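Single-letter residue listing:
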Amino acid sequence: MEQHILQQSLYLDIGLNIAQINTIFGHSSDIVTGELCLDAEANYKIGYVYLEQLVNNSAFQDVTNALLSGSAQLIETINTGFYHPPDLIKNTIHACGKVQTIEDFHGLCQNMLTGETVILIDGYAIALSVNTAGGDMRSVEEPSTQSVVRGPRDGFTESIGTNISLIRKRIKSPNLWLETMAIGRVTQTTVSIMYINGIVNDKIVEEIHRRLARIDIDGILESGNIEELIQDETFTPFPTLYNTERPDVIASGLLEGRVAILVDGTPFVLEAPALFTQFFQSAEDYYQRAEFATLIRILRYICFFISLMAPSFYIAMTTFHQELVPSSLLFNLAAQREGIPFPAFVEALLMEVTFEILREAGVRLPKTVGQAVSIVGALVIGQGAVNAGLVSPAMVIVVAITAISNFVIPSFSMGIPIRIIRFILMIFAATFGLFGVTVGLIGMVQHLCSLRSFGVPYMSPMAPFILDDQKDTILRFPQWALFARPRFISQKNNIRENNAPTTKPKWK
Amino acid sequence: MIRLGRIFCTLILLGVVLSGCWDRHELNDLAITVGVGFDKSGKEYLVTTQIVNPNEVASKKGSGYSTPITTFSASGVSVLEAARKLTTLTPRKIFASHLRILVISEELAREGVSKVLDGLSRDHEVRSDFYIIVAKGTTAAKVLQILTPIERIPANKMFKTLETSEKAWAPTVSVQLDRFIRNLSKPTRDSVLTGIRLNGDLEKGKSKSVLSETKPSTYLEYSGIALFKKDKLVDWLNAEESKGYNYIMGNVKSTMGHVTCPKGGTISLEIIRAKTKMKGHVVNGKPEINIQVFLEENVSEVQCQIDLLDPNTVSELERIVETKLKQVMFSTIKKAKQNKADIFGFGDAIEDASPKTWLKVKSDWENEFAKLKVNIDAEINIRRFGTTNNSIIVRPIEE
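If you're matching them up, the sequences are chains A and B in order. 361 is the number that UniProt numbering gives to position 361 of the first sequence; each next residue is one higher, with no gaps. 396 is the number that UniProt numbering gives to position 396 of the second sequence; each next residue is one higher, with no gaps.
A few of these clues could be false.
[Said to hold, decoys possible] Quick list of in silico lysine to aspartate or glutamate cross-link-like pairs, EDC-like style, CA-CA up to 20 Å:
id: 1; chain 1: B; residue 1: K93; chain 2: A; residue 2: E323
id: 2; chain 1: A; residue 1: K203; chain 2: A; residue 2: D218
id: 3; chain 1: B; residue 1: K40; chain 2: B; residue 2: E296
id: 4; chain 1: B; residue 1: K85; chain 2: B; residue 2: E125
id: 5; chain 1: B; residue 1: K230; chain 2: B; residue 2: D178
id: 6; chain 1: B; residue 1: K93; chain 2: A; residue 2: E35
[Claimed, not checked] Simulated coverage check for chain B against chain A, where a stretch passes if three residues somewhere in it have a Cβ under 8 Å from a Cβ of chain A:
id: 7; region: 25-38
id: 8; region: 91-101
What the hints contain is simulated information worked out from the structure, not anything from laboratory work. Bear in mind that the values here come from a model prediction, so they are computed numbers and not experimental data. We put the CB at the ideal spot given by N, CA and C, even for glycine.
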């Protein structure tokens, strides 16, 4: 679309304006245009334009009703000549939604595209835009990722308005600030950042502003697009922004001084800065009892290592360090390996790749077919491969425990680096044994320690080590003990609560 | 910096590619050796290895047509040379990290064992947690060829039998390579090894048919402790003396013994706790050894007329036990003295107590040991009678 047409200001005549709009939109069939006459003589004409599928019909009707039912009074007031007619009309329809005054075609088109109804007033080069946004959208449903046993069941939807409301309903504070911008030259996607003023680290907000402003792209379709464009480090398998479908998780993040980045059109809201430990925490950790949460967290870290290292450990032990395996286990493993044509590494690779194939196939398929895939998978991996003598039964167990452990990690985005690094460690294990695995792990830890998320060390509070923050890292202390916000995210307003350890009545 | 990183990464990747999986062995390329035997073969050593057939011993049901183990023998001037020579017989590389038992034939033991042990202690592949035993009156190769029921791997059977019998019966002693070598390396200290005897027909013991008998006609049995002087086997301790040795060494965890009742018949006592303290002393310039034994016992079987409910009987019993114990211990010491072999480490005890005296006696310790005065002080406590008090043998008489 030519830029100069958009920058033109509106015409005085309704007909010309509507014609121009039609030209701009290429006579798209979903444009609805019309005229209303406020009086019988048709002296006062009002035009409206909207995009059919984006507008809530009843909201639009409210607007027309307000105009038509108040028309007699409106005309009377206009006739007194004391008032500017557009202001009067604006006041009339104010009850129907937020009204904006527009003077050029660019603004007009933008407002139409966000689902507003544009009202053109004959004889004035001014248009009013009323928020009548509607259109079909999903209702608030239970999030399909990160589901919990105990805890709220609502999840974000594709509509940014709903998402904002879900967060606002949880944090009823005027300090919960919202900034909105449009990103994407073509898509003009609404992106909002939310934070709690007074808790958040202003430097991080500033940094997020800077990074968002730097984005120059034609379209943003999902928060993943934003994530890749603003993350600190591109070449890392580890996620440096957190994403979630759960408003309670975002709310708790905001209370810890983090910043939420909401993108219209996706239920996944980003949170920054994100730390390594955050990906091992589930919302439920704070809703269940502290002891249990601690136990589960420890389990998750164990699973992290199993998922990361089980195949490489098996390869290293069986091909390099047979002396470390207890004798009777060694006999068993040796018996299983009799007649297996591949070296342990190839065997492991074969099974891991098969599993990744099945998993990827299962993710994409509809649920009904997915079941069939899992049956085939179980048969192929569990039975067929062993019976065919391609892999040893022990390897199937190793792959199975690896796979299951991966699913224990609450965040899907943390499961991905594990899957990648697992293969690298397997290569190291096959060439250098446990020595190689150790070198690989040292490399991984070095890389992790070098990462930053919006300036915050990714491995904090473990490296750099902050003793006070250990209360909510691997362990989860009782609620009353978690009185301070994470120190590395924000240093402002650090005290969260003041509770006595116990409320038990004291007996003399 | 980035350049440096790239060079570093390339080097690492080159390392991965060029090293060619150094030292990598798949499990099915290994001949897992669980037992090794050393024999004399003319001027050379005959090395016998007991190799596991994993398929036969794995929890999954084996194919059934082969034995759980196979043995191969090869001879060579040195032990490790012979072991390498074994590759001409076995399809796989000998893998000795899981060695459970090392059998030395009596013939070789009498000639001296230090030469054959050097290679084993030097080799990095061998862990030192296997036990060393002596094939009493037979060859190591024969001992390793016998199949054993219940525990399918004979080396494991020998390993476990030695451990359990040491724990629950006490006339055996489990000696690992490092301990044996440590004792060998001290000129004043001598060591012991448990002996194993082959009972029955060798040919039968080699075949699987022996496993299908309820009472195996060929079997392996521990019997006695071999007494080494320097690195040479010189004498055997019988079962009683072996137990005495373990009492002196404080090696007894639990055992069972019987004594004669005051009125005839026997009473069996179970030792539930045993503690021995060995201390050196110098009296009038002469070294002496004091041994304090503390035993806690339970009455476990009564086969005589005795009134256990009478406290006096118990103290009388304790006295009888004490006498018996001292007698057993002295008989062991006597045997050691006869052979002039300080298997107890009396020399060390004296060195600890009085280094000066030790310096004087060290040079002629053999003879000093033979003359050494040993005092034994035993404290016996009979604690419990089990789930009953007086024996049924006693009761009818009281009525």
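(request) Assess, step by step, whether the Cα of K230(B) is no farther than 20 Å from the Cα of D178(B), and give holds or violated. (result) Roughly 15 Å between the alpha carbons, so the hint for K230(B) and D178(B) holds.
(message) Just to be careful, I want the Cα atoms of K93(B) and E323(A) compared with a cutoff of 20 Å; is the pair within it?
(response) Holds, at roughly 14 Å.
(message) Can you confirm whether chain A covers the region 91-101 of chain B, using C-beta to C-beta distances below 8 Å and requiring at least three such residues?
(response) holds (count 4)
(message) Against the 20 Å threshold, does the CA-CA distance of K85(B) and E125(B) hold or violate the hint?
(response) 17 Å, holds
(request) Compare the distance between the alpha carbons of K203(A) and D218(A) with 20 Å, and conclude whether the hinted pair is satisfied. (result) 28 Å, violated
(message) Just to be careful, I want the Cα atoms of K93(B) and E35(A) compared with a cutoff of 20 Å; is the pair within it?
(response) The hint is violated at about 95 Å.
(request) Quickly compare the C-alpha distance for K40(B) and E296(B) to 20 Å and report which way the hint goes. (result) Distance ~45 Å between K40(B) and E296(B) Cα, so the pair is violated.
(message) Cut-off 8 Å, C-beta pairs, minimum 3 residues; does the coverage of the region 25-38 of chain B by chain A stand?
(response) holds (count 7)
Going down the numbered hints, you'll see the structure goes against 2, 3 and 6, while the others check out.
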